[in-house]
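Colleague: Residue numbers (the numbering used here), protein chains in the order written: chain A, 569 to 709; chain B, 41 to 225.
Source of the hints: derived by calculation from the structure; they are not laboratory data.
Since we're looking at a predicted model, the values are computed, not measured.
Just so it is clear, CB atoms sit at the ideal spot from N, CA and C, and this is done for glycine as well.
Do not rely on the hints blindly, as some may be mistaken.
Computed, partial: chain B to chain A, Cβ under 10 Å [stated by the list, open to error]: (1) Asp88; (2) Leu104; (3) Glu159; (4) Leu164; (5) Lys201; (6) Thr212.
Just so you have them, the derived chain B footprint on chain A, three or more residues with Cβ under 8 Å [said to hold, decoys possible]: (7) 598-611; (8) 670-682.
Read off the chains here:
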Amino acid sequence: MTCEQYQMQIGQLLDNELRGEESSTVFAHLGACFACRDFFHASLQVRAELMNAETVTAPDELDDRMRAAGLIPTEQPFSRKTSIWDLRVAFPLPAAASIALLLIIGSLFVAPVLFHDPQPQQEFPPDVLQLVPVELRTPRP
Amino acid sequence: MHPFTDEQLIDQIGAGNPAAFAQLYQRHKHALYAFCLRLLKDRDDALDAVQETFVKIHNRLSTLNDPASFRAWMFAIVRNEVYANLRRKKNLEGLEGEAKEVWEEGTPLDSVIGEERTELVQRLLGKLKPEYREVLMLREYEQLSYAEIAAVTGDTESSVKSRLFKARKALTKKFMPYVAERKEP
Numbered sequence: 569m570t571c572e573q574y575q576m577q578i579g580q581l582l583d584n585e586l587r588g589e590e591s592s593t594v595f596a597h598l599g600a601c602f603a604c605r606d607f608f609h610a611s612l613q614v615r616a617e618l619m620n621a622e623t624v625t626a627p628d629e630l631d632d633r634m635r636a637a638g639l640i641p642t643e644q645p646f647s648r649k650t651s652i653w654d655l656r657v658a659f660p661l662p663a664a665a666s667i668a669l670l671l672i673i674g675s676l677f678v679a680p681v682l683f684h685d686p687q688p689q690q691e692f693p694p695d696v697l698q699l700v701p702v703e704l705r706t707p708r709p
Numbered sequence: 041m042h043p044f045t046d047e048q049l050i051d052q053i054g055a056g057n058p059a060a061f062a063q064l065y066q067r068h069k070h071a072l073y074a075f076c077l078r079l080l081k082d083r084d085d086a087l088d089a090v091q092e093t094f095v096k097i098h099n100r101l102s103t104l105n106d107p108a109s110f111r112a113w114m115f116a117i118v119r120n121e122v123y124a125n126l127r128r129k130k131n132l133e134g135l136e137g138e139a140k141e142v143w144e145e146g147t148p149l150d151s152v153i154g155e156e157r158t159e160l161v162q163r164l165l166g167k168l169k170p171e172y173r174e175v176l177m178l179r180e181y182e183q184l185s186y187a188e189i190a191a192v193t194g195d196t197e198s199s200v201k202s203r204l205f206k207a208r209k210a211l212t213k214k215f216m217p218y219v220a221e222r223k224e225p
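Turn these sequences into a full structure, and let the hints steer you where they fit.
Modeller: So, in structure tokens, the structure goes:
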């Protein structure tokens, strides 16, 4: 076999499309031929660089076109619904502020219940009451 | 990651489940777009080709005899779209049959020296003629077997092997001196 033929087999070897005995023959040749060994190493590097290439992703416009064509549903079929938990993870500061505000407002409603004094208020002692103007002694309606 | 195989989704589509087609589309849209963009080198043309491909997949899926060969069938459709686009642009020189030259016009290595290796290889890949570029992409990026690539392109396996070899050899030969230069201090 010529080096050209071995180099063709090197590609098949990289593609895992070579049978065992053929692979052995190629490896034996690589052990003896500098040119084919260089070709083998360069082929490996080219493949690695091809794999390193930036991943190409389809733009959102394609989804819009597909929806307009009626081929996919209007809403994203696999999008997960946003939960309160997601919001807390995504926006920790606003979420914390909202929770604090809720606690403050809630406490305004809860405090009268918690700190309500069931005992009727004691009347002022007569000596103190004398100091209060007469018009103010009558409780407001 | 994907709960259903392509075959299962195709069964579901046949049973009238529209969400199954949406999932099939979501699964393959990026691969098809990348394939079209690398061959057509134009975003809008690539979008047109992918959209048309999915329209044809939707309309012709019932004619697919073997669901296991869906990927090859899908790439055969998108390839037809790409080549139809290239024909429309009258850019088809050398597309029929085996091309004499591997490179498109103007592929000197001089203009790419200094780029990173990955960019260099990508640029060289982009300069291969479409019939060489496509087999390399189907093999390297889509991991299709020689038999599947032959089904996509309508060639024999030996023709696919030959084209892959020529494409790789051309890329490797352009790449080798650059690597050697980079090795020097």
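Colleague: Now tell me if each hint is right for this structure.
Modeller: Here's how the hints hold up against the structure:
1. A least Cβ separation of about 9 Å between Asp88/B and chain A falls short of the 10 Å threshold, and the interface hint therefore holds.
2. Because the closest C-beta pair between Leu104/B and chain A is about 17 Å apart, greater than 10 Å, the hint is violated.
3. Annotation: Glu159/B was flagged as interfacial toward chain A, and the flag holds, the nearest CB pair being 9 Å apart, inside 10 Å.
4. Annotation: Leu164/B was flagged as interfacial toward chain A, and the flag holds, the nearest CB pair being 9 Å apart, inside 10 Å.
5. Residue-level restraint check for Lys201/B holds (minimum Cβ-Cβ distance to chain A is 7 Å; threshold 10 Å).
6. Interface hint at Thr212/B: satisfied, since its Cβ lies 5 Å from the closest Cβ of chain A, which is below the 10 Å cut-off.
7. Under the rule that three or more residues need a Cβ within less than 8 Å of chain B, the assignment of the segment 598-611 of chain A holds, with 4 such residues.
8. Given as covered by chain B, the segment 670-682 of chain A fails the check, having 0 residues with a CB less than 8 Å from a CB of that chain where 3 are the minimum.
Hint violations for this structure: numbers 2 and 8, all remaining hints satisfied.
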